[in-house]
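Based on the sequences and whatever the hints tell you, model everything.
Heads up: the sequence shown at position 528 corresponds to 1496 in our numbering, and the numbers run straight through without jumps.
Calculated from the structure, these hints are not laboratory results. Careful, some of the hints might be misleading.
Stated by the list, open to error - Per label pair, the in silico range of CB-to-CB distance:
1) Arg1180 <-> Ala1245: 55 to 65 angstroms
2) Lys1782 <-> Glu1758: 11 to 21 angstroms
3) Ile1436 <-> Asp1681: 46 to 56 angstroms
4) Gly1024 <-> Pro1217: 34 to 44 angstroms
5) Pro1870 <-> Pro1419: 17 to 27 angstroms
6) Gln1461 <-> Val1094: 53 to 63 angstroms
7) Asp1380 <-> Pro1183: 14 to 24 angstroms
8) Pro1870 <-> Lys1909: 12 to 22 angstroms
9) Glu1161 <-> Gly1233: 46 to 56 angstroms
Just so it is clear, CB atoms sit at the ideal spot from N, CA and C, and this is done for glycine as well.
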Amino acid sequence: MGHGIVLAALMILAQAPADVPKGLDAARRLLQNGRYAEADEAYASALADAGKQPGGATPAVRAAVALGRAECQASQGETGKAVEGLKALIAEQPKNAEGIARLADLHFLRGAWGDAEAAAKKALEVAPDHIPARWVVARLLEARGRREEAIAACKWFVDHRNGRPDDLARNAENLLIVGQAAERYYRSTARGEDLSGALNDVINEIYEAALRADPNCWQAPWLEGKLFLSGYNERAAAKELARAQQINPLSPEVLVTLGQADLQGYRLSAGRKKGEAALEINPHFGPAHVLLADLNISDERFADALKAAEKAVAENPRDEDALGRLAASRRLLVDAPGAQAAELMALANSPRPATFYAAVGERLADRRKYLSAERAFLLAAQADPTRADAPIGLGMLYMQIGREAEARSLFDEAFAADPFNVRADNMMKVLKHMEAYSPIESRHYSVLVDPTQDELLGKYMSRYLESIFDELTTRFGYVPPGRTRIEIMKNHQWFSGRTIGLPFIPTVGACTGKVVALASPKATGKPFNWARVLKHELVHVITLQQTEFNIPHWYTEALAVESEGFPRPQEWNRMLLERVPGRSKLLNLDTINLGFIRPNEAEDRQMAYCQAQLYARYMLKRFGDDALIKLLMAYRRGLTTDRAIRECFGVDKPDFEKGYLAYLDEVIKTIRVRVNSDEKPVKFSQLERQLKQKPDDPDLNAQMAYEHYARRDYKAARPLAEKALSLRPHHPLASYVKARLLTTIGDDDAARSVLEPALDESKPDERVVDLLGQLRMKAGLLDEAEKLFELARKDNPYNTKWIANLARIHVRQKRTDQFLKDLAMIAANDADDITIRKELAERHLAAGRPGEAAKWAEEWLQIDVYDPTAHVILADASAGTGKLAGAIEEYETALSLKVKKPNDVRTKIAHAQLGLGRRDDARKTLEAILKEDPGHPEAKKLRESLDSTPGG
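Right under this line is the structure:
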């Protein structure tokens, strides 16, 4: 509801006689506590009680009841009843300015501006300084784009407060109106510290005064929370909104504002619940429909967003916020005429609809419609140059597309216009921090780094980016125009600030479609494969731009993960085994985007990546090799997912989803070796109860035996395992527990004897395979152990456990080539495993395979570019393949990183220089070595050879 009618239930009681019925106070408390239906009944009861008094109910009481009931009805969405009640009051009391002003407020909120203006004028004829009536007039001026007159109208409230502070101090409703008017006035006229001080005064001297005047005035902390939230200060906003909810837990206004906070934090599901809760209280509350439109846009549910926007417009056809969502939704549904029609509706109401354009810009920027969003923000700023949200939105947009210089001036301007804005403040700090950064340019990329920390990293990233450029652009048939900007932020805090203007984002890489930002691996604490992250993000750059940012989140992620070229992680296999059979917590095309943006559980984000990739593979299998490109082109044409599936594949979405579920069933059949699928996680106490109820259940006895073994209670574990085996001979889990118990006393032969018959080759149990294989290896039965682990790996060839066991066997068998293949498969399973890559590079080099050594050394550097040993290995490998210039560069890099035995490395440089025919350079290098270390044997030998050859 509007701030006038929301706040005005009993202002008239300030002038009422002392014998006002006490029931009105109780009714008002119920109203302010959100118990609207009860309050309505209490007002009616108070009127009936007053009517029983001598002389009946006084005009003041009748007015108070009519105002209170109108408020109750409007708060529940029964605005028509509220209007009729107020009209009845005015017919009875034509000079009741309060009732007329409240009617004007309701007309304004419904978009009936002519009626609102007439009523406000009539109220001011009765009472020229009537605050609620003047507030309607000010908002009408603002809504019609008459900005200078609106500012003057708001100034009246400031002057009125300064002239009559004592009168206002006793009236919470009027204080809140004055506070809102003062906020608008100061934002239009003040800047910087002056504005900050003025807004602090609004909070501390006006809103807090309203709460002192009326302890049930939930509107005061709500308005404070809104002010903080507009500046993205969610922590301060949450504190105030919690205060408001303590007073009135059923305020639609507070619920929607809390939902807006959820939207800012991408807690879309939580925000949706709050918007829906607000509509349960007031089904006609337009701002709740606006919130749902915003949430649906962020969740890429554009058709649902349009429906919500249409409902908001139906509640108030002149509301710029509602019209803005209508235009944005239609634009996102590629309905340009519809979006233009919504814009014309806004312009018909006001020649300067700043709120409309700001809303359109924010929502389109959220979905990376940069050109359309830029236009909207520029028009918003033109319509009202004093607004902070438009330049902040435009600044964030320019940061997303790499136009930092333009963003800087916008944030400076915006922060002066809104010193409470956390995002503007953070972005100013980010830009100041980035002043020291410098670019490393290549043909297709500009890599921006902090030269004091990441210059070497930037150089190797640039080299890697160019190496994969042709691969990716050929795969997708698209070349992004100009240089793509890659920004390596010094640490994760600066990365988060650079990306969203707020302190934390749960990833190390992000792509806006125009710019890729990464947190420097040097400062993240845990090394990661930056090449894999870059490749992933570059696929986003290509597919987002290629489809003009129409591609949905899940599909660009599917293509990015598929392009990485790594096998499916074992953690994903585990989740598939848990979720696919019972369809538990599986995502679908309607829910998968939320898994990326705001997962309900920690694993949901990884499940979203997994399922997105499997959607891509499913399409390839069912619809052919060109399926992925066909769908990509459909999104480029602006089709929704439903339409794209129909046009590309000739099936509807339900059929598509049904086929996908069948495909998932096929996938999990290939993940064959696993712990017994009948074994469910059960709490120990629950397991005890179940076993007491079913003492002869072999599975329960085996599970309890395992639980006792895991707790090292071997004495309790043994009889349970024995009982399970007596009930079901060769029970896998019971056999495993018994074998483990036997190994604790050193009887490995007996343990093997227990496990051998428990092995079911058609459905091998992971624990049985693992322990039996270890025992065979320990006994020197390497061939038998190898057969067992090969069985385990048969249908799950990338399970690291089995590969690692096979590698141990192959190294003992001295089958070096097979051992190196095992290590390569382990490396493929974990892109961040630097130890395996180091082992592979060194072993291949020692085995005389410089090409393979170079490959693994490159991958080593893609995790830690600052390891001098990796550079030496790569240099040695490059020298071995005749790439002597590259070898010299790597040796010199190793020296700059303080490699051990630097003179050995310098000697290798001299060898490479000689190989290139640079004899003078080689001599200088050797002389420098021998000056520092006269006895260096290799340098001495090389110089003697140089001196003895012709031309030496």
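Status of each hint after checking the structure:
{"no.": "1", "hint": "Arg1180 <-> Ala1245: 55 to 65 angstroms", "result": "violated, 30 angstroms"}
{"no.": "2", "hint": "Lys1782 <-> Glu1758: 11 to 21 angstroms", "result": "holds, 18 angstroms"}
{"no.": "3", "hint": "Ile1436 <-> Asp1681: 46 to 56 angstroms", "result": "holds, 55 angstroms"}
{"no.": "4", "hint": "Gly1024 <-> Pro1217: 34 to 44 angstroms", "result": "holds, 37 angstroms"}
{"no.": "5", "hint": "Pro1870 <-> Pro1419: 17 to 27 angstroms", "result": "holds, 24 angstroms"}
{"no.": "6", "hint": "Gln1461 <-> Val1094: 53 to 63 angstroms", "result": "holds, 59 angstroms"}
{"no.": "7", "hint": "Asp1380 <-> Pro1183: 14 to 24 angstroms", "result": "violated, 41 angstroms"}
{"no.": "8", "hint": "Pro1870 <-> Lys1909: 12 to 22 angstroms", "result": "holds, 18 angstroms"}
{"no.": "9", "hint": "Glu1161 <-> Gly1233: 46 to 56 angstroms", "result": "violated, 29 angstroms"}
Hint violations for this structure: numbers 1, 7, 9, all remaining hints satisfied.
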